[in-house]
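Enquirer: One letter stands for each residue in the lines below.
Protein chains: 2
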Amino acid sequence: MKKIAIGFDIGGTNLRGALVGEDGLIIRRHSILSEADKGIDFVVKNLAKLIKKTSVGGKIAGVGIGIPGIIDSQKGILTQAPNICNVDDYPLREVLMDKIGEEIPVFIENDANCAAIGEWWIGAGRDVKSLIILTLGTGVGGGMILDGKLWSGADGMAGEIGHITIYPDGAKCNCGNSGCLESYASAGAIRRMVKQGLETKLETIIRDKVRNISKERIPEIIREAAIEGDEFALWIWDEVGKALGIAIANLVNLLNVEMVVIGGGLSNAWELFAQRAKKEAKKRGLRAPIKRVKIMKTVLGDDAGILGAGYLVF
Amino acid sequence: MKKIAIGFDIGGTNLRGALVGEDGLIIRRHSILSEADKGIDFVVKNLAKLIKKTSVGGKIAGVGIGIPGIIDSQKGILTQAPNICNVDDYPLREVLMDKIGEEIPVFIENDANCAAIGEWWIGAGRDVKSLIILTLGTGVGGGMILDGKLWSGADGMAGEIGHITIYPDGAKCNCGNSGCLESYASAGAIRRMVKQGLETKLETIIRDKVRNISKERIPEIIREAAIEGDEFALWIWDEVGKALGIAIANLVNLLNVEMVVIGGGLSNAWELFAQRAKKEAKKRGLRAPIKRVKIMKTVLGDDAGILGAGYLVF
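Residue numbers (the numbering used here), protein chains in the order written: chain F, 406 to 719; chain W, 406 to 719.
Looking at chain F on its own, in the form it has when it is part of the complex (with noise of 0.2 Å):
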């Protein structure tokens, strides 16, 4: 009988969580709210919620769980997690086992982490012993799977690629450093780009569009003008397939791996950037490594991170 995991991916605003065999197939799904505003009690009582409710009716070898943060997954501590709530070396996995009886073991990495896991055991990387990937969200995200193992840094902080900087004089970053890849192809670099445009005499359809939306849904509106043909929309795009560009270049001259994926919510984009991307990434890569190397849109999308995590069981 094949064995069996349950993977989690916590966000700040859902659990997702999933039954997955060790063939790498979805069995069943949930998702239930984290509640992560109220704090890491609630978000540790909505996991063990959701693990009784996923598991109910089979033998679960172990639960994985993906986390944006900081993770010591040696010692099963989440360090930091701002995303998620205030917290500082909280024992999650302690704590979980605690809650849901200590014969399932439980493992927790970094969510960028578990996106790179799942797309190198069973996506787009399944042929390929190192990747890279990338995940353009509302921040920009990285996990990096060299010779066939997880490189999580020496203190589980590896992977910031979001934080790799792009611009030396460029657009002030969250994290204080001004020109960060962040700044250029993250959901938050698109907002900025619209809001500093709009403020212009500049024409655009945009400016209709974005009136009474949810900031949520900004790129989604740049995606759908730039497929319309507005001007405005298409360079943004190309901002973001430059910068994107430049950061894989240095990627593969830096660590040359035979694979760069490139997930997140932005992949939905892939069309509108993905060719000034591999363009400006050739023009500025060492000739050997960059023609290897293969640069594409991620085939797990949002469930990469759910069958890394439950990868990390087996």
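The set of hints was computed from the structure by calculation and includes no laboratory data.
It should be emphasised that the depicted structure is a prediction, and the values quoted were computed from it without experimental measurement.
Accuracy of the hints is not assured; some may be wrong.
Heads up, the list lumps identical chains together, so a pair's fine if it works in one copy or across two of them.
With a Cα cut of at most 30 Å, we get these calculated DSS-like pairs of lysine-lysine [what the hints assert, rightly or not]:
id, residue 1, residue 2
1, LYS702, LYS687
2, LYS577, LYS687
3, LYS534, LYS480
4, LYS577, LYS684
5, LYS577, LYS688
6, LYS504, LYS450
7, LYS407, LYS457
8, LYS683, LYS577
9, LYS480, LYS699
10, LYS577, LYS696
11, LYS696, LYS480
12, LYS457, LYS480
13, LYS699, LYS684
14, LYS684, LYS696
15, LYS480, LYS554
16, LYS554, LYS534
Since the structure of chain F is already known, use the hints to place chain W on it.
Expert: Just chain W, lined up with the frame of chain F:
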């Protein structure tokens, strides 16, 4: 009895070799001309000669060779080495083993990778499990140890830290890209800055000092001028430090290593750019990983490569 290897560092001008003990001590050393301009066959002949000379009177466990180029270390093939001679997939290990007798195993590796191994084994990084070395010489090389193992990439081409883009619209690099680290933090970069500065009416003592000297000595002259307080010379080292600091922040944000080691000829001027490099790295690095990383000058200096080459055997 302790094992003994021969470690080699092949340069365009000199072949440097040493008997290296498994305790990391250099027992005896030799240096001859590489005659690389006459072709790879001459280099191999000189290597074989030096192996005989160095190994006199002792049993050798093997030979390790560091070469500035792209190496397939598994197969023992020199893929490309533009700074040595014009080769394409040259089977260096096989040819050399034929020449010296097959009973002595031969290992080859990129020279900056050897320097990384050397510093990790017996130098600055002897107590860490992850480090990156940057060698600031004519160009900028690099090598990295992750979790106690060399990461040389999917094809042995990783570590090209000199070709990380620092300023997207910056100075032209030999690789064809613009604004690479190598265009700002190498001997070549210093010569460019001197040349450009002296084309203006700038007042500087350098103007007299660089007259009638060979271009190889320019970084040394700029070091002396900076120590004498020359503003232009100080500005040059500030530029070197700033570019290096941006690169270090990128490396640390991305890889979360425990140590960054600066080697190569320019490290002689470490005191003149270290502070600026650290300040810039701190400004751009994420709080936790940049706080914990140690940024330091090479401990082994020119011997890092020879020692690392020797370690390949053990």
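Enquirer: Hint by hint, note whether the structure agrees.
Expert: Results of checking the hints against the structure:
With identical chains, the CA atoms of LYS702 and LYS687 are at most 30 Å apart within one copy only, with a shortest distance of 17 Å there and 33 Å across copies. Proximity of LYS577 and LYS687 under a CA criterion of 30 Å is satisfied in both settings, with 27 Å inside one chain copy and 16 Å between copies. In this assembly of identical chains, LYS534 and LYS480 lie within 30 Å of each other by CA distance both inside one copy and across copies; the values are 26 Å within and 18 Å between. For a Cα distance limit of 30 Å, the shortest separation of LYS577 from LYS684 qualifies both inside one copy, at 26 Å, and across copies, at 18 Å.
Within a single copy, LYS577 and LYS688 get their C-alpha atoms as close as 26 Å, and across copies as close as 12 Å, so both meet the 30 Å cut-off. For a Cα distance limit of 30 Å, the shortest separation of LYS504 from LYS450 inside one copy, 8 Å, qualifies, whereas the shortest one across copies, 70 Å, does not. In this assembly of identical chains, the alpha carbons of LYS407 and LYS457 lie at most 30 Å apart only when taken from the same copy (20 Å versus 59 Å across copies). Taking the shortest Cα distances, LYS683 and LYS577 sit within 30 Å of each other both inside one copy (25 Å) and across copies (20 Å).
Taking CA atoms no more than 30 Å apart as the test, LYS480 paired with LYS699 passes between copies only; the shortest distance there is 24 Å, against 35 Å inside one copy. Proximity of LYS577 to LYS696 under the C-alpha cut-off of 30 Å is restricted to the inter-copy arrangement: shortest distance 21 Å between copies versus 33 Å within a copy. For the homomeric pair LYS696 and LYS480, the shortest alpha-carbon distance between copies (21 Å) is at most 30 Å, but the shortest distance inside one copy (40 Å) is not. Taking CA atoms no more than 30 Å apart as the test, LYS457 paired with LYS480 passes inside one copy only; the shortest distance there is 24 Å, against 52 Å between copies.
Taking the closest pair of Cα atoms, LYS699 and LYS684 come within 30 Å of each other only inside a single copy of the chain (13 Å); across copies the shortest separation is 36 Å, beyond that limit. Taking identical chains as interchangeable, the C-alpha atoms of LYS684 and LYS696 lie at most 30 Å apart only when both belong to the same chain, with a minimum of 11 Å there against 36 Å between chains. In this assembly of identical chains, the alpha carbons of LYS480 and LYS554 lie at most 30 Å apart whether taken from the same copy (18 Å) or from different copies (23 Å). Taking CA atoms no more than 30 Å apart as the test, LYS554 paired with LYS534 passes in both settings, with 8 Å inside one copy and 16 Å between copies.
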